[in-house]
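Take the two lone chains, each set in its own frame, and fit them into one complex as the hints suggest.
The listed protein sequences correspond, in order, to chains B and W.
Heads up, the first sequence is in our numbering, so the first residue is -15 and it goes up one at a time.
Heads up, the second sequence is in our numbering, so the first residue is 98 and it goes up one at a time.
It is possible that some hints are incorrect.
[As the list claims (entries may be wrong)] Quick look at which bits of chain B chain W covers, simulated, 3 or more residues with Cβ under 8 Å: (1) 82 to 90; (2) 167 to 175.
[To be verified] Sample of chain B residues with no beta-carbon within 10 Å of chain W, all distances over it, derived: (3) K35; (4) A123; (5) D242.
[Claimed, not checked] Taking CB as the label site, the calculated pair distances span: (6) B:R170 - W:D128: 26 to 34 Å; (7) W:R100 - B:E23: 18 to 26 Å; (8) B:D242 - W:A192: 42 to 50 Å; (9) W:D220 - B:R170: 17 to 25 Å; (10) W:R184 - B:R67: 37 to 45 Å; (11) W:G194 - B:A4: 50 to 58 Å.
Rather than coming from a laboratory, the hints here were simulated on the basis of the structure.
Just so you know, even glycine gets a beta-carbon here, dropped at the ideal spot from N, CA and C.
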Amino acid sequence: MDVFDYHRPATIAELTGMLATGDARPLAGGTDLIPQLREGRRKVAAIVDIKHIEACRVIAPLPDGGMAIGAAASATAVARDERVRRDYPGIAAAALLIGSYQVQNRASLGGNICNAAPSADAVPPLIAHGARAEIAGSAGLREIPLEEIFAGPGRTHLAPAEVLTRILLPPVAERSASHYLRFTPRREMDIAIAGVGGFIAADEAGTIIEARIALASVAPKPIRAPSAEAALIGVILDDAAIHAAGEAASADASPISDTRGSAEYRRELVAVLTRRVLAHCHDQINRT
Amino acid sequence: MKRIAITAQVNGEEVTGLADPRDTLLDWLRDRLDLTGSKEGCGNGNCGSCTVMIDGTPVNACLMLAVEAPGADITTIEGLSNGGQWRDLQENLAAMGGTQCGFCTPGIVISAAALLRDDPAPDEAAIRYAIAGNLCRCTGYDKIVRAIEKTAEQRRAMARVGE
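With the rest of the complex left out, here is chain W (with noise of 0.2 Å):
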């Protein structure tokens, strides 16, 4: 089989590797650039646990090819962690009973990250569709929802405390 080099911008780098010109995102990123935080759950888009950003939306990679990524900004759970922005909320899930075994977690705080960045005051409805494309296993998603409304309530109260 014959290997193509893939260049994309990830986790804010450019980066090139190898392809097999039928590796998915997630294969890519997972065999050929060893960022093993995007997990396989599913394979076909419905369980989330390889949401990652494309320009700053969440996107199941499972659903992409790699030669789709060049020209694309794509951003890792690696890379979301990175600079600890969003440690608040990797913190709450980790306290508050909102993961487990782990499995769909780097998915879920993808998807939370995005929807508090673009919506600082969510209510449950708001929150329960942002992470409905995640399926969970272990926590029947009620200490992520509690987990993601008290990072979302915190990170008011220090803006409002900033005023």
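This is chain B alone, in the form it adopts within the complex (with noise of 0.2 Å):
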């Protein structure tokens, strides 16, 4: 690869200045990065590493009760946050499904998220919670939900000198869950042909008040199933409301045919992974 000049800001104000010049590219994990820039697919003239960055790392309660989670935390750390496994499980069931244990300890959500791939097992469900993304510039910092971040395969909406900072996630209604289920053909360190992400809420009697369903791999970029989320909202969740929200999933889905797996085939899971969400996400509500 060719030669880069490597930076270790402390601060996000360092940070920012740092990607001024536009063609430097922030590192975290590196467990995209690295491998793009070894096999150039990428090239940059300056890494700047966000790991040593405290806000960039830390896993802590927002004052509104939410959550937040610094762009660099590993997968690792996210899965095992107590407060994530129990208040937003389908991130910490994604977390768990990143490449491998070595990946994991590495790999952060930021990443996940800024590399972009269509596949991105952390976005479905963030993007299920709500989840906004904090980016610095220049200018300072902005927000803006986690789904408009995505440009297309590979491309975010970000700015040369703009940063994923932290991942904001909003509080959690009582009786609700979430969930991450995805389709690989192999058991593990494999990627994405569907993945369905979701977060339900349901009132005392059962009704379901909230729902949030976000698909990987069957789009340019990770997209809602609104269709799916319509069918839910205000429907006890029995096993035809299950049915039909999968049906709408998939009908929401617009999936390619690849070497990977056909669109049909695509859809069917989109629909399968849909049910197997809900139902979930239904247990866990009514166990608690």
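Next up, the structure:
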């Protein structure tokens, strides 16, 4: 690979200053960036290591009762955080599916997002939880809904001198649950050919009052499944409702056929995975 | 190419070695520090032959840059073997057919040691998940799993005797 400079900023201000050249790339776990550099798929003049900035690493509560996950926090740290496991279980489940244990010990959710593969496993449950992206640039910080960061396969809407610093999660309703399931041809170390992240909340009568479903690998970027969501609001979650939501999510998907799977198979997987995610969430809610 | 000096904790000692700034941690360990126990099988984080520990957790050394090493506490298979605390695991792998060509073995030992350190009674699913990032072309994995299981059993038995 070409020579690059390596920087290790201690603060966000230093970080954005170093990115201002426009030809620098942030480095968190490196599990996507380093192979890309070695294989010549990406070239940068400088690498800016964000792992030594406290705010980018920390997993902590927010004043509104939600949680912030630092962009550089490892998948393992996220998956083992007690509050993530209790209140945002779909995110913990997804973190344990990324790569392998070795990869999870370095890979970050920030990198999983900004590498912007449509198959990124952490993304659907984050979107399902209504995550917002906190982005730092030379003008300061801004926040957008996470799904708006994606521009297409491998591309985000981040300007060259911007960086994702934290993922901000809202507080969760009491009778709620989330989950993430994917299908891969191999058991581990594989890329999802379909992934479904779901979040539902119910009132005391068991009627669904909130539902967000997000899909991986079935569009140029991670997408919501709006007809599935609409089919869930106001219903009691029985087998018929779960089945209908699965069919609706499948119709919301726009997969392509490639060597990894046909569009038809991916649509079928979306229906199956959506049903399983919803059944799992339903069980979790009824258990509490 | 201008070399840079990198100082890091490796196997319990502070070491300084020159590096090409583009070196991965694996390059630096193997080519600059002569710690050739960690292997390069794929170069992109799939095979796990390069597994080392950073601050006690298994990582792929081919997915880190040498310049990231300062501040990290790095343990390679050489360091893990020194002192012999995992000799039982290593001997079981050797005796039970859990190693043939040996290329994946250092990485397997690191991953298995981390598992047994954190979970003294792993079930088969937990063992297979712990080594899911270590590919083996020779053994078919079953004997590796059995050797790890046996090591865990033996250690639990010794712990009971010690009570």
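Check the structure against each numbered hint from earlier and tell me which ones fail, lowest number first.
Number 3 - this is the single hint that the structure violates.
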